[in-house]
Amino acid sequence: MILDDLTVDPAGFQAGTGWAIKPQGACKGDVCVPLPGSVRRPDGRLDVTGLAERLGMGLVADEAHGVWALGPESAVTGRALTTAQAPPLELPRLDGTPFRLDSLRGQKVVLVAWASWCGCREDLRLWSALREQLHPLGLEVVTVALDTGGPDAARPWIEKAGPKHPALIDARHELGAKFGVVNVPNGLWIDEDGVIVRPAEPAWIEDPHASSEVAAQSLDELPADHRDVRAEIAKMAIDPAVYPAMIRDWVTNGRASRYALEPHEVLERARPRDGAASQAAARFELGEHLHRAGDHAAAVAHWREAHRLQPDNWTYKRQAWNLADPESVRTIDAYGTGWLDDVRALGAENYYPEIKP
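If you want our numbering, it's the 1-based position in the sequence shown plus 82.
The hints are simulated quantities; they were obtained by calculation from the structure and are not laboratory data. Note that the Cβ used here is the ideal one computed from N, Cα and C, for glycine as well. Be aware that one or more of the hints could be misleading.
[What the hints assert, rightly or not] Using C-beta positions, here's what the derived DEER-type ranges look like:
(1) P118 to T334: 46 to 56 Å
(2) P238 to A319: 25 to 35 Å
(3) D331 to P105: 35 to 45 Å
Please work from the sequences and hints to get the whole structure.
Below, the structure is given as structure tokens:
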């Protein structure tokens, strides 16, 4: 949440964070956190510093630009999700018209995160095909492009796939702050009542080596660095048959599906989030805000810090690397990091966690 003041009105705080201010405290879903009296000011506004301390929200200032960024909560469950109730999400389509996730209540929803800077951009046609198969049975697919470049970055891939389902643009990477997405492709499931039944996890629908984009390129024609990337991807545990089969089982069996989790299981499996990760989210959003305002150099400083605070957040890294040099897979001078070297240091087999049934 971007702020130009360290006080905020309750409605603005709820719109920006999902936390409603009630007599019993700050509430999200069925979770309420008591607040010290000092948080509520006589003029009806809220003290942001007090809220940040109570909820474990990273608060980052950029004095040169007179703005602050407030990250998501970390002190309630210690997870990316505080409740299994899906948080409010409103994002634009390609033409800029807003789309609300809660407009799909009454349907099963698979929310799929992708990006123009990920080979998974080629998966959109397959998600579209899966949706056409399962939509008559009550499933809606929503694809979300995590692209600071906005609709211009995502447009070629969306138009190529021609989806009938909602195809949204997440320029601010809200899926990270709200759902815990740290890599792409990722997917999560939301049931007819708006309850998350599977949190963010890898969502492969095609072998990355079998995509049309890869098939059109001979290894001999690729630069050495890009051949090395192919070699690292080959080490990753990717089985594109697993996730679609799980979805089909859920569509057929609903709550009885072995893959539909109970709320407490969803929270247990949600990605851990500590104070550093919340600070990283605030840094990334502040950088995104400054980048859109035309001060990319200032954005880089905040993005570097986001990478340091949460080194396993690949969406933060890959987005920043792509904006600096979309063709490079080696170390980017501005960040001192790069995809190939970082993946080798981690071990490619650890890049995507294993999907648990």
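Taking the hints in turn, this is what the structure says about them:
Remark: the range hint 46 to 56 Å for P118 to T334 is upheld by a beta-carbon distance near 49 Å. Evaluation of the 25 to 35 Å hint for P238 and A319 yields a pass: the beta carbon distance comes to about 29 Å. Here the CB-CB span from D331 to P105 is close to 43 Å, well matched to the stated 35 to 45 Å.
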